[in-house]
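> For reference, the chains in residue letters:
2 protein chains.
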Amino acid sequence: MQHTPTYLVNGDFNLEISPLDRGFAYGDGVFRTMVMQGGLPVDWPLHYQKLVADCAVIGIVCPSAELLMGDFLQLFSIEDIDSTKQAVAKIIISRGEGARGYKPPAVTTPTRVVIKSAMPDYAKEYYATGVHLYVCDTRLASQTKLAGIKHLNRLENVVARMEWRDESIFDGLLLDQQGNAIECTMSNIFARFDTTLMTPELSQCGVAGITRQRILSLAAVLNLTVEVAPMSLGRLLQADELIICNSLYGAFQVNKIGNNTWSQQALAKTFRSLLTHD
Amino acid sequence: MQHTPTYLVNGDFNLEISPLDRGFAYGDGVFRTMVMQGGLPVDWPLHYQKLVADCAVIGIVCPSAELLMGDFLQLFSIEDIDSTKQAVAKIIISRGEGARGYKPPAVTTPTRVVIKSAMPDYAKEYYATGVHLYVCDTRLASQTKLAGIKHLNRLENVVARMEWRDESIFDGLLLDQQGNAIECTMSNIFARFDTTLMTPELSQCGVAGITRQRILSLAAVLNLTVEVAPMSLGRLLQADELIICNSLYGAFQVNKIGNNTWSQQALAKTFRSLLTHD
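Residue numbers (my numbering), protein chains in the order written: chain A, 1332 to 1609; chain B, 1332 to 1609.
FYI, nobody ran anything at the bench for these hints, they're computed from the structure. Don't take every hint at face value.
[Said to hold, decoys possible] Straight-line distance between alpha carbons at most 30 Å, and here's what the computed DSS-like set of lysine-lysine pairs gives:
hint, chain 1, residue 1, chain 2, residue 2
1, A, K1587, A, K1455
2, B, K1434, A, K1416
3, B, K1434, A, K1600
4, B, K1455, A, K1476
5, B, K1476, B, K1421
6, A, K1476, A, K1421
7, B, K1481, A, K1481
8, A, K1455, B, K1416
9, B, K1587, B, K1434
[To be verified] Pair ranges (Cβ atoms, derived):
hint, chain 1, residue 1, chain 2, residue 2, range
10, A, S1548, B, M1450, 51 to 59 Å
11, B, G1342, A, L1346, 54 to 62 Å
12, A, Q1544, B, Q1405, 21 to 29 Å
13, A, R1566, B, T1601, 30 to 38 Å
14, B, T1556, A, R1566, 24 to 32 Å
15, B, K1416, A, A1560, 30 to 38 Å
[As the list claims (entries may be wrong)] To list a few chain B residues with every Cβ distance to chain A over 10 Å, as calculated:
hint, residue
16, E1347
17, D1359
18, L1371
19, G1390
20, V1444
21, D1452
22, K1455
23, E1456
24, H1463
25, H1482
26, A1491
27, T1527
Glycine included, C-beta positions come from ideal geometry on N, C-alpha and C.
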């Protein structure tokens, strides 16, 4: 059965989005997706900090953490709080309503949406032996003014995701216009070369996710040297070990990209363990 | 007084947009803006053709022309039809609602929005002597998969438009990553060099508007040779005459970009006249 998501718009169960909302008209806003456990958001300070920072890049004043926490309390009910079951919360902040035209109104009231949905049912083998990636034909465009932020202009991800229907493929690797590996459609990527952990630098394109940030911080625990730098597809395919990450599944090992395969290794599992707080 | 726009969502005055709509979540859709005169859309066949083509690029089946015409008849009332007064119609087509995730649902019902707003009150001097442009610092990203189409991922236009507050500036010139002139935030651009009319080619970025298309067709009437090619900012500034165009104002002469000025000339006025059917 399809889980029916429920949502709050500006803290209200009965509101929807106006067609005049700039989020709908122009993708003028940002979003975040996070795990809810025991009715509370996991890694909330990092998520909120990133939400505020992303809003700031495009000149939106992010609603307060208190307002959003109030939304979580309304939307995630007692049974969520009582259980250890996980759910997913998605926060969307748009610039709010405005008249036609790209110029934002002098004063705007951001629109705040929190959507509840079911935790994805990841296959057991993803945890045990890893996932397959596909190299997307769609290349990420270079835009320094918007790189790294998780904004609502996600048509590139949509057209990239439409490229494959093979259900054995977990995610699609996205390259930039120069052929450097950047990220996957819904994940960041790390490549281990001996004791160096590399991840693509995201100054031109890509989304700098908070799990990426946490893995960069945790690498020292494993005596790994961190390197954030451009990485060609060819270089990435030579990695001793590849992992992808996001806020929902934590980290998965990549065991196959096209004809390239990697045997089972421990890094993804180790990071999953380190990423888990409890 | 601010004009209050009114709108129809899927032909219904009482509907709004679900936060689960992919137009809101990802900017997963396209739009058009057109003049309504006597209650009917000007250049409708070209607009509808472009809407269908843009939808097709991202795999959306565009609602029928009959459905949209029905919306116009509902939204633009008898007084609009009886008067010669102009208004603006904006059509937004999104992929429709979907579960969380970039992958579009196997079957989607596109969301169809028609918004009515007032015709902009363009200053008389824009028609008489032309407009000033500003060269935006924001550069357009190169994305062959989406270039030319008027999709809902318009954050670049928004951040570019936020660069200036000087009300004497009518529009902002957008360059690509290589420094070629592409378009303005809400207009296409043409440069006349002697008897050649040049306009930037839009295979990497930009929106190929229908007024641009009409001007390309009309150029022969004026014995102008048309050239669609990359054009550096330096080359553009050497033009004998510059004009910008869109569906609402038709064509305006550019009389100033930074320190570069152009004296009053006839091309924009001539095209405005040729663009007008009645």
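> It remains to establish, for every hint, whether it holds in the given structure.
Verification of the hints:
1. Restraint check for K1587/A and K1455/A: the C-alpha separation of about 17 Å stays at or below 30 Å, so the hint holds.
2. Of the pairs offered as hints, the one joining K1434/B and K1416/A holds, with about 25 Å between alpha carbons and a cut-off of 30 Å not exceeded.
3. Under the criterion of a C-alpha separation no larger than 30 Å, the hint pairing K1434/B with K1600/A is consistent with the structure, at around 27 Å.
4. For the hint pairing K1455/B with K1476/A, the CA-to-CA distance comes to about 35 Å; that exceeds 30 Å, so the pair is violated.
5. Of the supplied pair hints, the one linking K1476/B and K1421/B holds, its CA atoms being roughly 24 Å apart against a limit of 30 Å.
6. Our distance criterion of 30 Å between C-alpha atoms is met by K1476/A and K1421/A, whose separation comes to about 24 Å.
7. For the given pair, K1481/B sits about 21 Å from K1481/A by alpha-carbon distance, which is consistent with the 30 Å threshold.
8. About 64 Å separates the Cα atoms of K1455/A and K1416/B, which puts this hinted pair outside 30 Å; it is violated.
9. Taking the CA atoms of K1587/B and K1434/B, the gap is near 46 Å; set against the 30 Å cutoff, the hint is violated.
10. At about 55 Å, the CB distance of S1548/A to M1450/B agrees with the hint of 51 to 59 Å.
11. Under the hint 54 to 62 Å, the C-beta atoms of G1342/B and L1346/A, about 21 Å apart, miss the expected range.
12. Taken as a hint, the range 21 to 29 Å is violated for the pair Q1544/A and Q1405/B, whose Cβ atoms sit roughly 50 Å apart.
13. Between R1566/A and T1601/B the beta carbons are some 56 Å apart, a value that contradicts the proposed interval 30 to 38 Å.
14. Taking the beta carbon of each, T1556/B and R1566/A are about 48 Å apart, not inside 24 to 32 Å as hinted.
15. With their beta carbons about 59 Å apart, K1416/B and A1560/A fall outside the hinted range of 30 to 38 Å.
16. The claim that E1347/B lies off the interface is violated: its Cβ sits roughly 4 Å from the closest Cβ of chain A, which falls inside the 10 Å cut-off.
17. The Cβ of D1359/B does not lie farther than 10 Å from every Cβ of chain A; its closest approach is about 5 Å, which violates its non-interface assignment.
18. The claim that L1371/B is not at the interface with chain A holds, since no C-beta of that chain comes within 10 Å of its own (minimum 19 Å).
19. For G1390/B, the shortest C-beta to C-beta distance to chain A comes to about 6 Å, within the 10 Å cut-off, and the non-interface label is violated.
20. With a least beta-carbon separation of about 5 Å from chain A, V1444/B fails to lie farther than 10 Å from that chain, contradicting its non-interface assignment.
21. No Cβ of chain A comes within 10 Å of the Cβ of D1452/B; the nearest lies about 13 Å off, and the non-interface call holds.
22. No beta-carbon of chain A is positioned within 10 Å of the beta-carbon of K1455/B; the least distance is around 20 Å.
23. No Cβ of chain A comes within 10 Å of the Cβ of E1456/B; the nearest lies about 20 Å off, and the non-interface call holds.
24. Non-interface call for H1463/B relative to chain A: holds, since the shortest CB-CB distance, roughly 16 Å, exceeds 10 Å.
25. Its beta-carbon lying about 6 Å from the closest one in chain A, H1482/B breaks the requirement of being farther than 10 Å from that chain.
26. The Cβ of A1491/B sits about 8 Å from the closest Cβ of chain A, inside the 10 Å cut-off, so the non-interface label is violated.
27. Interface exclusion of T1527/B from chain A stands, the closest Cβ pair being 30 Å apart, more than 10 Å.
Consistency note: the structure conflicts with the earlier hints numbered 4, 8, 9, 11, 12, 13, 14, 15, 16, 17, 19, 20, 25 and 26.
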